[in-house]
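Asks: Residue numbers (the working numbering), protein chains in the order written: chain A, 1 to 697; chain B, 1001 to 1103.
The set of hints was computed from the structure by calculation and includes no laboratory data. Even glycine gets a Cβ: it sits at the ideal position worked out from N, Cα and C. Do not take every clue at face value.
Just the calculated beta-carbon pair ranges, DEER-fashion [said to hold, decoys possible]:
#1 Q625/A - F1014/B: 20 to 30 Å
#2 S188/A - P1021/B: 33 to 43 Å
#3 S188/A - H1005/B: 27 to 37 Å
#4 H1005/B - P203/A: 15 to 25 Å
#5 L633/A - F1014/B: 55 to 65 Å
#6 L298/A - K1067/B: 21 to 31 Å
#7 Y185/A - P1021/B: 24 to 34 Å
#8 S1092/B - E242/A: 14 to 24 Å
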Amino acid sequence: MTQESDDDIIREMLPAFLEEANEQSDALEQLMLELEADPGNQALLGALFRCAHTIKGSAGVFGLDRVVGFTHHVETLLDLMREGTIVLTPELSTLLLQSNDVIRMLVQGVHDDQIVAPQDLVLRLQQAAHMAPHSDTGQQDGSAKSVIEVFANSTTTGSVSWRVEVRFGVDTFRHGIDPLTLIAYVRSLGHIPDIVCDTPSVPTLDAIDPESCHLGLVFTLDTEASLEEITDAFKFAREDCELIITPERVHAASDAPPATQASQAAAPAARHQRTGATGGATGAGDDGGFIRVQADRLDDVINLLGELVIAGSGASALARQTQQRALMEANRHVTRLIEGIRNSTLKLRMVPIGDTFARFRRVVRDTAAELGKEVSLEIVGGETELDKAMVERIADPLMHLVRNALDHGLETAAQRQAAGKGPQGKLTLSACHEAGNVLIRIMDDGRGVQRDKVLQRAWDRGLITRGAVPSDAEILNLIFAPGFSTAEQVTNLSGRGVGMDVVRSNVEALRGSVTIASDTGQGSCIEIRLPLTLAIIDGFLVGVGQSKFILPLDSVAEVIANRSTEATFDSHGRSYFELRGQFLPLVNLRTLYALDAPPPKLSSVVVVRAGAHRYGVLVDALLGQHQTVIKPLGLMLRSLRGVSGSSILGTGEVALIFDTTSLGQLAANPQAMPSPPKLSVGATSPIDTPHLSERHP
Amino acid sequence: MQAPHALPDELTIFTASEWLPQCQAWLRASAEEAEVCEVLAVDAQAVVEIDAAGLQLLLSLSNSLEKAGRRLDLLSPSPVLSDACCALGAASLLCRPDTKEAA
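Bound conformation, chain A alone (with noise of 0.2 Å):
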């Protein structure tokens, strides 16, 4: 009965154990990333000790040798060049991080007995750690008496006496953990005189529930491990163990290790090395407790919010019709608390987007090498956050451009030596919050984009008629043209001709955009820009006619209430009008959709600010700010240039919801100027100072 509950156990714990190992291979990638740029970190030497440790203590739990196995080669040589012994080199750092794929190939293949790491691999981490290529052969110890070998030969300081406080989480025996083993295991790293057991928590029969764990110890344990390898022996106990360990006295006269308290909820010491990996440092931190929730129950969640937010506006509304004040009065605080929780709602999605961001310096480093370029990659505002279905689809549009960057952007050492500039390339990925939006920015110094070789390129592919020469930022839009490419010699990176458009069509899946600007010889800069969040908006309400549209409140930029139309529109209501000095394009929605009702006497423009740009927008009515439920266009008006989605108001009307970039795009008019503009605009409440120059393209 006992073989066949672990056997059951194992297999439910199987695939926490594939995620974590993944975490820790990712920890352990970026941390040999970090080590590179600081090779005799020893927060960082001890940090990838532990991962490899981590690993390879889980699987021989599984029993998965062949994880074990290999991982055992990986965590001497890091055991090795944590001591002092090996020294970090390039071909070191390369082969680590070979291994690290092959740790992660093998723990994703722990079902296929035919995938086994190559032996020529495992010969090298030999041949690295000093070790005889006969005298350790491969696969062999798995199990935890190899972990205790491994805490004996790592001692370097002399015996200390520890004293260790453990409070197990109730939860402890039914993840199949029994502290009696855990124990003995303890006991294994040395010597505890004394053990007491905090007899009187545990509950009385009337109150207990006999699967749920009251323990709590105190201990005294006389070891030559480390903190670490302390620490580590409780890993298995998880999240719900509460854990204090203190130094009493060292033994020999050797010196200590840095006798500080450790306190920590034991959870898998990955993510304090995720968090470190973005934010620089590692070190020991609180874990805060996490919970993991399945996405699509938060999605629920989400979804039923969409409807409250709904229902409470068609509640707000019909209470503004009673007249009531004490009713209004209660409606708005409803409102307040729906608001409230909508903003905590939507940040449990919210995730930072350093750790996308992170994963990729390894992708960075192989491909310079592969080119023969010498590249360094800077990340800034990895901590900017955004929802997590965003992050996991902007991830692959990522991808290319920065390859991209690499291939084409960058130049080798001697070509930028010959352009006069440092013969490192460097590429910045950055990301920060800017009015609503999530601005990402891939910056490479390099050769920026040849416009003749581009519109050569766009003649040759009938993109453009040749002979026509547009604007310089057309040009470079052509880049994202759909089978477009410029690479002179095809590399197996990118320069296929499939990859710009799909990064334009994946961003602007997204409702975002994406621009490109570009200095020859200077460098180039690709900017994203995504929403926050793909569920709920602030908007602004307008209404034309019997119409009611929505802008997104952040790209509101002022309003120019009730003036009187004057300028004249083309037959897609395009005009321009005068704002303290600038003409900006100014965009007619009953003459652009062809809206029935006739115009009032009155009209109000809203400015909009997309991107860079600012343009009018020409509404009959102003109606106010409102919390809009994204819901998705039906087939038949997902065509509608410049609206995004639509939502449905608490009358139960439908409101479409703009996107102001493409809307911006129909408002501007590059080809013809207009007769001059009529509507003389006076002194509204400025936002912003304009500083519009550029002509729109």
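Starting from the known structure of chain A, fit chain B onto it as the hints suggest.
Replies: This is chain B only, laid out in the frame that chain A set:
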């Protein structure tokens, strides 16, 4: 003294729930004969398999008895049980507080 109660051979997480009612029954029984005896004697020689959950159940029984002014007396504990008690710092389960009887 003849032990009216005996521990099973397996006291683990897999049997703890089954044994909880038994322990509760012992507790009730001992309450009824409180005047007769303030010690609940349990034969512990059969235990061949025990884990922390099993030990916790014994601690719970002991605490319940103590709350009622009585105590648990494990008679001839098996080596497995003794080792487990010592290992988890619960050796107090094994001791017979003779002082109390003297008082």
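Asks: Now tell me if each hint is right for this structure.
Replies: Hint check results:
The beta-carbon spacing between Q625/A and F1014/B, approximately 60 Å, falls outside the hinted interval of 20 to 30 Å. Between S188/A and P1021/B the CB atoms are about 37 Å apart, so this pair conforms to the stated range of 33 to 43 Å. Restraint check, S188/A to H1005/B: a C-beta distance of roughly 36 Å satisfies the suggested window 27 to 37 Å. Restraint check, H1005/B to P203/A: a C-beta distance of roughly 21 Å satisfies the suggested window 15 to 25 Å.
Look at L633/A against F1014/B: about 57 Å separates their beta carbons, and that is inside 55 to 65 Å. Between L298/A and K1067/B the C-beta distance comes to about 45 Å, which lies outside the given range of 21 to 31 Å. A C-beta distance of roughly 33 Å is found between Y185/A and P1021/B, which places it inside the suggested range of 24 to 34 Å. Between S1092/B and E242/A the beta carbons are some 23 Å apart, a value that agrees with the proposed interval 14 to 24 Å.
The structure fails to meet hints 1, 6 from the earlier list, while all remaining hints are met.
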